Amino acid sequence: MKKTLLNLLLFISNILYAQQPYLESSLIALQKNDQFKHAIISFYAIDASSGKVMVSYNKDYGLAPASCQKIITSISAFEMLGKDFHFHTKFTVKDHELFIEGGGDPTLGSDRWSSTNATSVIHKIRSRINQVNQGEKIKNIFIDDLCCGYQPIPDGWIWQDIGNYYGAGAWSLNWKENLYEVKLRSPDHLNKPVEIVSTNPTYFKDKITTFITTASANSGDNAWIYAAPYSNKIFATGTIPVSQNNFTIKGAMPEPALIFAKEITEKLHAESFQLQSENLRQKKLRIAFPAMSDSISSPSLDSINYWFLKKSINLFGEALVKAIGIRVGDASTTSGIEAMYNYWIKKIDNSAMNIIDGSGLSPANRVSTKLLVDFLQYARIQSWYPLFYNALPEMNGIKMKDGYISGVRSYTGIIKQKTGKEVIFAFIVNNFTGSPSAAREQMWRILDQLKSNSSPK
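Heads up, the sequence shown is in our numbering, so the first residue is 36 and it goes up one at a time.
Take these hints with a grain of salt, some might be off.
Okay, derived cross-link-like pairs now, DSS-like style, lysine-lysine, Cα gap no bigger than 25 Å in a straight line [to be verified]:
hint, residue 1, residue 2
1, K285, K346
2, K129, K87
3, K285, K118
4, K240, K218
5, K382, K118
6, K285, K302
Label-pair distances were calculated between CB atoms; the ranges are [unchecked claim]:
hint, residue 1, residue 2, range
7, N257, D190, 23 to 31 Å
8, K381, Q70, 35 to 43 Å
9, D190, F324, 50 to 58 Å
If you are wondering where the hints come from, they were derived from the structure by calculation, not from laboratory data.
These numbers come from a predicted model, not from an experiment.
All C-beta atoms in this analysis are idealised placements derived from N, C-alpha and C, irrespective of residue type, glycine included.
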């Protein structure tokens, strides 16, 4: 009898703490809700100053975190790469030939920065060509896109994701965030085929076979693009609303170095280009690249991280993991994650850190809410913390990162209560049913209680 009672008390202490009893009852009620009755709910919150536990509900369960996993990658990058870290794309001009070596920079060609947009990148290369060749044009362009290996997509990403813009892999040479646009036109009647008007770049228009059809006027974007790395076969399916003349969906480039090569060859009026990439289509021998004399630098890590967290750009997270891998000698996702494990094991209990990518897109990732809180608590006392905190999105009046994949909703961040107390929290739900927006609303109600430090009225 005593043993049974002791086990019961230990179970209760592990699940619920009496610091915030109104939250305890709200979490129990949420579990009984029809939308969450088959779900796993985990919630953990501490006083940021004292570290005292305020709420603990299934804190050690390993759950899919979706994009909340990005805080682990972000904090790891600040720690292991440094806030002033830059990616570099090297190039040189020799004998009327241009040699370019990708360095895994996810910002190359991105319009988020004036220094990295396509115009700036090409201008810098052209200026160097004019200096070396005194106005004579380049004949051949050679691009080495092997520094980050042959596998741009982490293990565990699903077929439904990798052809779409948010499923863009991290290559050795990335270009314009590895996405392209598809403009669609839909007829006025339901269940009719949709027409591709144009693509940007134009290269993709003839590569896409579309099975997209029309749905009701308020149905939204339910179109999906299916494509694999290195493949020129692209399929689009799903639905978009009727009566659309310029409906845009976005895909992930199957081989961004190829698009970069075509574009820069055209801009520089070169005669030809060659990609030095042993890929799934064909085998090519690497040429002996000359020593690279110039480079194009990315913005610093703190600037990359700002967009990584604010806009939840999966590509940036995967590129950062590979950059961490380079520090231990292998620019692969696997090496980067292993380096992260080895680094954190000396600083926090990372036994609940079972991840396979840097962005949280894989449904096979597993972390606990306690682990997310431990990472945030560690970050809070570091010199670079203001940069990290500034990059956290603000939603529902809370500085927090959110995450969503099928069946998963998650939030983690810092709440400032009305009393001025700062609370670090993580909230993950796996396997809910029904509307994702309805799930979000119910989770936000609980966060509102923590924010106001009071029970719902």
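Hint check results:
{"no.": "1", "hint": "K285 to K346", "verdict": "holds, 15 Å"}
{"no.": "2", "hint": "K129 to K87", "verdict": "violated, 63 Å"}
{"no.": "3", "hint": "K285 to K118", "verdict": "violated, 31 Å"}
{"no.": "4", "hint": "K240 to K218", "verdict": "holds, 10 Å"}
{"no.": "5", "hint": "K382 to K118", "verdict": "holds, 19 Å"}
{"no.": "6", "hint": "K285 to K302", "verdict": "holds, 24 Å"}
{"no.": "7", "hint": "N257 to D190: 23 to 31 Å", "verdict": "holds, 27 Å"}
{"no.": "8", "hint": "K381 to Q70: 35 to 43 Å", "verdict": "holds, 41 Å"}
{"no.": "9", "hint": "D190 to F324: 50 to 58 Å", "verdict": "violated, 30 Å"}
The structure does not agree with the numbered hints 2, 3 and 9 stated previously, though it agrees with the rest.
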